[in-house]
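With the hints as extra help, turn the sequences into a complete structure.
2 protein chains.
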Amino acid sequence: MLIVKKFGGSSVADKERIYNVAKRCIEEYQKGNDVVVVLSAMGKTTDGLLELAKDITPNPSRRELDMLLATGEQTSAALMSMAMGALGVPAISLNAFQVMMQTSSRYGNARFKKIDTQRIRHELENRKIVIVTGFQGVNKYDDLTTLGRGGSDTTAVALAAVLHADACEIYTDVEGVYTADPRIVPNARKISEITYDEMLELATLGAKVLHNRSVEMAKKYGVQLVVRSSLNNAQGTIVKEETDMESMLVSGVAVDKNTARIAVFGVKDVPGIAFKIFDLLAKNNINVDIILQSIGGNGTKDISFTVAREDAQETVAILKEYKNRITAREIEVNDKVAKVSIVGAGMQSNPGVASRMFEALYNVGVNIRMIATSEIRITVLINEEDVDKAMRAVHDQFIED
Amino acid sequence: MLIVKKFGGSSVADKERIYNVAKRCIEEYQKGNDVVVVLSAMGKTTDGLLELAKDITPNPSRRELDMLLATGEQTSAALMSMAMGALGVPAISLNAFQVMMQTSSRYGNARFKKIDTQRIRHELENRKIVIVTGFQGVNKYDDLTTLGRGGSDTTAVALAAVLHADACEIYTDVEGVYTADPRIVPNARKISEITYDEMLELATLGAKVLHNRSVEMAKKYGVQLVVRSSLNNAQGTIVKEETDMESMLVSGVAVDKNTARIAVFGVKDVPGIAFKIFDLLAKNNINVDIILQSIGGNGTKDISFTVAREDAQETVAILKEYKNRITAREIEVNDKVAKVSIVGAGMQSNPGVASRMFEALYNVGVNIRMIATSEIRITVLINEEDVDKAMRAVHDQFIED
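Going line by line, the protein sequences match chains A and B.
For the first sequence, the positions run 63 to 463 when the numbering used here is used.
For the second sequence, the positions run 63 to 463 when the numbering used here is used.
Just to be clear, a hint being listed does not mean it is correct.
Given that identical chains are not distinguished, each listed pair holds provided it fits within a single copy or across any two copies.
What the hints assert, rightly or not - Straight-line distance between alpha carbons at most 27 Å, and here's what the computed DSS-like set of lysine-lysine pairs gives:
1. Lys398 x Lys176
2. Lys302 x Lys398
3. Lys116 x Lys175
4. Lys116 x Lys190
5. Lys270 x Lys202
6. Lys345 x Lys77
7. Lys116 x Lys85
8. Lys282 x Lys175
9. Lys270 x Lys363
10. Lys202 x Lys363
11. Lys190 x Lys202
12. Lys190 x Lys451
13. Lys319 x Lys270
14. Lys116 x Lys106
15. Lys330 x Lys451
16. Lys330 x Lys190
17. Lys270 x Lys175
18. Lys106 x Lys77
19. Lys345 x Lys302
20. Lys382 x Lys282
Rather than coming from a laboratory, the hints here were simulated on the basis of the structure.
Predicted model only: the values in this text are computed from it and were never measured.
Written out as structure tokens, the structure is:
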């Protein structure tokens, strides 16, 4: 078996943890498996390097920033290889140049284009554990690039895809994907299997276990993922195309507090106003999430929508600047709101899920301000202060212990 | 003009110094010159990385150690490029993979084999300042190597050679090469020109301005070097094949305290004993410097020689182990000694230099324990406590103010 294992920065933050990871990988190797390890930079290294750059200039060249950041994974990979060597197992670290991990040109947010497997295969044939630097690539100019958020997960999935790995294991500081945040919902439980689509919805909604990009790539190339803890041997969560059991009606409950509601009151009830508003925001790179439009009356209507909380003030400023053009009477912002969502592939064939969710919220006195749905997700916007009780109520409604 | 400038770790140790170097390079660039900058790792970075490795294991893989160490220059090069960018000048950092600096395979002590100039030329044609990581290369296995001591100087000279640079400037924290250590000899003065051979003798003898390896390469490829200060604009020392002026009789006085004298008493006065002694030491990788053999009498003789101070105890241990085989009566070590040397290309055609040196030492009561000479150098071994007055006396004898 060929197994790709990815460990994040906190899993390799110090000598003890590096040895912990080394031993786990060696266990796998000693079963006779081929092991490819993808590593992030140690602990807060990347943040430290960013600070170093910002100290030189507030706007460093993106190309040079990637050149700088790429040293982080090279450091952790080399140290990991030394640790495995000290434990008597042959290992080798490889950076983006050595593997030839070709990416698009865009510094700081590059995409994989092609990954050569020759060097890795050669080292595996020599029965070495191969340690690959996550998060980085090389573009057509022969310059180092980095992949942006979730980069090392993406590296692991991409390697698993091109190497036709038998497993791709993503190690984190939690035991897997949960039906809800266990700190808030005490009877939340670990999900044993989940579909790519469900995982994508949960990731989008703030269950920060896997980055969407890596899940999308896993889905595209049919790479089965396992999310599990780097601290113990508990069985993790398998992410795959279709779950073996009958799809859960609701797999998980997710919360996203990074949201703010913008309300635009009294715009003229004529065609094109909504277009004008959202075109303005798109041109300013502001992503809009849920949109709600009132039915209108007296020739005016109200439009409200949510944006990421850090974009709220800029959104309001833009809309106020063009207040006349969008015919708005008043613009309001509320950033004391949060999104609660239920996600489940089983929803597609089960009507009435939404009303059961609303009922659960009604029973605990939670007011719903906006609603949005996809095929496998129902999201409600509520007051932030109601989040915890809303989560518990919805979790109790759908997920049995 | 194409100018290669090399700056050591202390010259790029912090933000202020990085900007200082950036400005110096930009001045050169703004004269219309092409500028290639070779950098070491910042300050004590390399030591820090070595400690990181030693913390993982006392005997890290050399291959992985080079992988780790190479991040140091990549960091300083990226930051330098950012600083130049912030000053409005286009710059680009290139690592060993990007330049394709091919070296021998030997990790930790690799030698340059071939350097591609295409990428550097391309960037220079685009009027960029090109910043190259010193100290590192890539071997035939596509693995990172480091060059060992004096590596970044060697990188600068090698680049100057392959690029046919018009100048190769080595920036240090002193203003150039001095006739003696100014801390000990107050009237020591900066040498304006010196030959490669003189520089090699001085470097060997502890004037730590340039590493021998870089001087040897400069000599081989006829690269004229300038050693100058990164802190001011004083004219430095030019190192070249032949000095323009008539050769100085004595260019400089050097001291080397890293020496110990081993004396082997009472060995049999038969052929082959000296061979046995020095063959033993060679097999144990101990370098022997000055050798003195007594004329002998009563069928025995004494052999004494110097080794680096850190090798003294091991040398004695080896000789004692084989005491019978080398027929020695007694073995002694004295590590309170030092070498004082005068170096000058003019000596070759001027007899009597040695006796003038001995006279100067006699006049201040310094006892000479051993003597060794080359075509352009005379070295004496004296007691360590006499070093300062010996240096001053010899300097006064040969070097006019």
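A quick look at each hint next to the structure:
In this assembly of identical chains, the alpha carbons of lysine 398 and lysine 176 never lie at most 27 Å apart, being 44 Å within a copy and 63 Å across copies at closest. For the homomeric pair lysine 302 and lysine 398, neither the shortest alpha-carbon distance inside one copy (36 Å) nor that between copies (73 Å) is at most 27 Å. With identical chains, the CA atoms of lysine 116 and lysine 175 are never at most 27 Å apart, being 30 Å at best within one copy and 37 Å at best between copies. For the identical chains of this complex, lysine 116 and lysine 190 are inter-copy neighbours only, at 22 Å across copies versus 39 Å inside a copy, given an alpha-carbon limit of 27 Å.
Neither within a single protomer nor between protomers do lysine 270 and lysine 202 lie at most 27 Å apart by alpha-carbon distance, with minima of 32 Å and 42 Å respectively. Proximity of lysine 345 and lysine 77 under a CA criterion of 27 Å is satisfied in neither setting, with 47 Å inside one chain copy and 37 Å between copies. With identical chains, the CA atoms of lysine 116 and lysine 85 are at most 27 Å apart between copies only, with a shortest distance of 19 Å across copies and 37 Å within one. Taking the closest pair of Cα atoms, lysine 282 and lysine 175 come within 27 Å of each other only inside a single copy of the chain (14 Å); across copies the shortest separation is 44 Å, beyond that limit.
When the C-alpha separation of lysine 270 and lysine 363 is checked against a cutoff of 27 Å, the pair qualifies neither within a copy, at 37 Å, nor between copies, at 81 Å. For the homomeric pair lysine 202 and lysine 363, neither the shortest alpha-carbon distance inside one copy (51 Å) nor that between copies (71 Å) is at most 27 Å. Within a single copy, lysine 190 and lysine 202 get their C-alpha atoms only as close as 29 Å, which misses the 27 Å cut-off; across copies the closest is 19 Å, which meets it. In this homomeric assembly, lysine 190 and lysine 451 never come within 27 Å of each other (Cα to Cα): the closest approach is 51 Å inside a single copy and 60 Å across copies.
Only within a single protomer do lysine 319 and lysine 270 lie at most 27 Å apart by alpha-carbon distance; the minimum there is 13 Å, versus 61 Å between protomers. In the homo-oligomer, the alpha carbons of lysine 116 and lysine 106 lie at most 27 Å apart both inside one protomer (15 Å) and across protomers (21 Å), since each shortest distance falls under that limit. In this assembly of identical chains, lysine 330 and lysine 451 lie within 27 Å of each other by CA distance neither inside one copy nor across copies; the values are 38 Å within and 97 Å between. In this assembly of identical chains, the alpha carbons of lysine 330 and lysine 190 never lie at most 27 Å apart, being 69 Å within a copy and 55 Å across copies at closest.
Taking the shortest alpha-carbon separations for lysine 270 and lysine 175, only the intra-copy value of 26 Å comes in at or below 27 Å, while the best inter-copy value is 48 Å. In this assembly of identical chains, lysine 106 and lysine 77 lie within 27 Å of each other by CA distance both inside one copy and across copies; the values are 14 Å within and 21 Å between. For the homomeric pair lysine 345 and lysine 302, neither the shortest alpha-carbon distance inside one copy (36 Å) nor that between copies (62 Å) is at most 27 Å. Taking the closest pair of Cα atoms, lysine 382 and lysine 282 never come within 27 Å of each other, the shortest separation being 42 Å inside a single copy and 72 Å across copies.
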